[in-house]
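A.B. asks: Sequence:
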Amino acid sequence: MKLSLTFEPGFHRLYQKFANDPIGLKLLELEGISPNKVDVGQMSHDYFTKRLADTSVDQNANSNEELSANNYQAEVTKGILKLEGYYLLWRYSKKRFGLHRANQMLSAIWRGELYFHDSSGQGIQVPYCFAFSTSNLMIEGRQYGQLHSLPPRRSDSFVAQVTEVVMDLSQEFAGAVAPGDFIVNLAWYLKKEGRDPERAEDRAYIENLWQKFVHVANNKFRISGQSPFSNVSIFDRENLKKLFEEYRYPDGTEVDVEYVMTVQKVIAEFFAQGDPSTGLPYRFPVMTANLSVDKDRRPIDEDFLDFISRINVKLGVLNIYANEGSKIAMCCRYVNDTERMKYRADSFGNGGLNIGSHRVVTINFPRLALDARDEKHFFVLLDRRARMARDLLLVHREEILRRRVKKGFLKFFKPLDWFSLDMLFSTIGIHGQYEMCEFMGLPMETAEGQAFTEKVLKRTEEYAAIFSRGTGHSFNTEEIPAESTAATLAKKDRLVYGKLQPFELYSNQYVPLIADMGTVDRIKLTGRFMKHVSGGGILHLNVQEQITDPYIMKKLILISLSEGIEHFAINYGFGICAHGHMAIVGTGTTCPICGQPITDHLTRVIGYFTRVSSWGDVRKNYEYPKRKFHELNKAG
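Per the working numbering, the very first residue in the sequence shown carries number 122; after that it's consecutive.
None of these hints come from the bench; they were simulated from the model. A portion of the hints provided could be inaccurate.
[Unchecked claim] Quick list of in silico lysine-lysine cross-link-like pairs, DSBU-like style, CA-CA up to 35 Å:
no., residue 1, residue 2
1, 612, 747
2, 579, 652
3, 652, 363
4, 749, 612
[Stated by the list, open to error] Here are the in silico distance ranges between beta carbons for each label pair:
no., residue 1, residue 2, range
5, 127, 344, 19 to 27 Å
6, 380, 716, 45 to 53 Å
7, 162, 372, 56 to 64 Å
8, 642, 344, 41 to 49 Å
9, 394, 564, 39 to 47 Å
10, 340, 133, 34 to 42 Å
11, 220, 621, 31 to 39 Å
12, 508, 619, 27 to 35 Å
13, 621, 188, 36 to 44 Å
14, 538, 620, 52 to 60 Å
15, 369, 623, 55 to 63 Å
16, 564, 743, 19 to 27 Å
We put the CB at the ideal spot given by N, CA and C, even for glycine.
Generate coordinates for the entire structure from the input sequences, incorporating the hints supplied.
C.D. replies: Below, the structure is given as structure tokens:
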């Protein structure tokens with residue numbers, strides 16, 4: 122039995138052009154939209170007979186761990202919904218730019234010159250990620266859904282409503298959702314109730330509130346059978362003073378910085394102990410410690426630095442973001458810059474926190490190098506593909522999302538008016554800089570390779586500024602996580618270029634995690650590059666053994682800050698053995714407790730913790746065993 126799919130003839134012709142070509146068909150399969158991938162019956166069979174991470178379309182480690190009815194529905198229809206998503210993108214591109222340009226842009230995606238993230242039928246019709254203020258709940262309550270809620274009056278009601286909104290937002294955003302001022306506003310309720318965070322009874326109450334949020338946040342509520350990607354920030358005193366200087370609670374009172382700090386410490390210390398049932402870190406929320414630094418990149422709040430250094434030694438749970446007061450780390454990599462968008466935004470305290478990214482379109486930089494005849498030609502191609510990325514982002518923002526907002530499809534935009542599309546960045550993704558240099562004959566370890574990388578990053582950031590001025594929308598650049606993108610694009614490039622492309626996957630950090638480079642050198646090189654992208658990225662500092670001395674943790678943080686690293690994590694590799702023991706082993710294969718084989722590892726895939734067994738085949742079997750975890754004497 123065959124079922125037909127109804128698309129416009131022009132889209133059908135474009136698809137058939139790829140499907141009827143041997144290389145084109147393989148490109149469609151890697152894209153997840155080949156005839157076998159849109160065959161629901163075949164996908165259902167594969168779901169139950171093959172490893173999920175190997176059969177999934179656009180797999181990610183947050184979803185590929187267990188079979189479930191919710192996950193089944195998402196997985197077996199991914200291919201057909203992704204094809205529908207590309208049809209929408211093509212149709213509105215044709216409407217905006219004409220048939221030739223639409224075909225050109227879709228072909229660039231399918232060939233692997235560009236990567237359009239979250240392109241499924243559902244994903245393409247929602248924004249990407251968002252940092253939101255919980256102050257709307259304090260004033261309005263949860264005024265939507267089948268059962269509305271009045272503004273919360275107690276701390277437990279506030280936490281419950283924030284939890285519900287995070288779950289709801291995770292259905293209407295494809296990526297991270299971050300209640301950035303969650304703890305700051307929770308502190309107001311706790312103080313009104315007379316809670317003393319230093320008193321044992323009240324401390325236990327606060328920990329219990331947080332535990333409830335954490336347990337719900339790790340349930341697989343998303344349509345795709347995933348846990349919502351959530352992030353919560355804690356701030357040093359300098360950040361609290363600067364970011365909340367003009368902020369007023371509903372009763373008109375100011376933020377009590379020292380009280381908020383005490384509440385933050387209770388929550389962060391509890392969170393840093395990990396899951397009591399396994400001893401492992403929680404996956405979500407990601408917790409980001411925001412540090413303010415002076416002109417010499419020294420932390421201003423020494424007490425906060427000492428605190429995070431102390432609690433982070435056990436499991437390394439914190440992502441650390443060092444800013445200059447106007448940025449807030451949002452997810453594993455995304456940065457909100459209120460200065461860049463202040464012409465349309467209030468300050469953070471007045472609700473200007475509601476900033477995100479509507480979509481990421483990544484330029485395949487290794488392919489640019491493979492396609493280029495020389496450096497001059499490289500930048501000619503970069504110009505063409507950057508402009509294609511711009512046009513795709515314009516179509517997504519102005520043609521697709523605006524229509525969905527008008528239809529009431531995205532309720533937080535309309536009718537609630539909590540958010541605005543004007544507050545979303547259009548993001549140009551960056552990845553594979555290391556492999557790009559190799560293909561250009563300029564290894565990144567050399568001065569020539571490093572200079573070329575800086576030139577490429579600066580030029581890409583210049584395009585973001587030019588596009589911002591030309592369109593009236595804010596563009597930025599990001600070093601993307603590339604969890605599955607890195608392998609997909611490497612496979613596409615190998616299809617096109619054969620043995621000229623020897624890499625199994627491309628790097629999602631400036632220096633690949635498998636590169637044999639010492640910790641300090643990795644920090645220095647990453648700091649040199651990171652300053653040239655407006656959205657940054659995250660550096661993983663992989664440590665082989667548990668750090669037991671907070672001074673060593675503090676030293677690693679200070680070295681990273683001094684070299685210009687804005688966003689980083691000191692990262693352990695946990696091993697789980699056949700007897701259920703948990704130990705920090707890096708890539709080790711034997712349990713140090715009982716001598717039994719390690720059956721699974723857990724570490725950050727990029728920014729958040731997942732089991733390595735849930736990773737895609739290339740990352741699991743090729744990349745992770747080669748990751749470099751450094752000894753303490755090398756790391757410290």
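A.B. asks: Given the hint that residue 579 pairs with residue 652, test it: the Cα-Cα distance must not exceed 35 Å.
C.D. replies: Holds. Residue 579 to residue 652 sits at ~9 Å (cutoff 35 Å).
A.B. asks: Assess, step by step, whether the Cα of residue 749 is no farther than 35 Å from the Cα of residue 612, and give holds or violated.
C.D. replies: holds (23 Å)
A.B. asks: Please check whether residue 162 and residue 372 have a Cβ separation lying inside 56 to 64 Å.
C.D. replies: Once the Cβ atoms are compared, 60 Å apart, the range 56 to 64 Å for residue 372 and residue 162 holds.
A.B. asks: So the hint says 31 to 39 Å: do the beta-carbon atoms of residue 220 and residue 621 match that?
C.D. replies: Holds - the Cβ-Cβ distance for residue 220 and residue 621, about 33 Å, lies within 31 to 39 Å.
A.B. asks: Between residue 394 and residue 564, is the Cβ distance one that fits in 39 to 47 Å?
C.D. replies: holds (43 Å)
A.B. asks: CB of residue 564 to CB of residue 743, is that within 19 to 27 Å?
C.D. replies: This hint holds: roughly 21 Å between Cβ atoms.
A.B. asks: Verify the CB-CB distance for residue 508 and residue 619 against the hinted window 27 to 35 Å.
C.D. replies: The hint (27 to 35 Å, Cβ to Cβ) holds, given that residue 508 and residue 619 are roughly 29 Å apart.
A.B. asks: Return holds or violated for the Cβ distance of residue 127 and residue 344 against the range 19 to 27 Å.
C.D. replies: This hint holds: roughly 23 Å between Cβ atoms.
A.B. asks: Assuming the hint says 34 to 42 Å, is it satisfied by the Cβ distance from residue 340 to residue 133 or not?
C.D. replies: holds (40 Å)
A.B. asks: Please test the hint of 36 to 44 Å on the beta carbon pair from residue 621 and residue 188.
C.D. replies: holds (39 Å)
A.B. asks: Given the hint that residue 612 pairs with residue 747, test it: the Cα-Cα distance must not exceed 35 Å.
C.D. replies: Given pair residue 612, residue 747 holds - Cα atoms ~19 Å apart, limit 35 Å.
A.B. asks: Would you say the C-beta atoms of residue 369 and residue 623 sit inside 55 to 63 Å of each other?
C.D. replies: Roughly 59 Å apart at Cβ, these two residues keep to the hinted range, so it holds.
Comparing the model with each numbered hint stated earlier shows that all of them hold.
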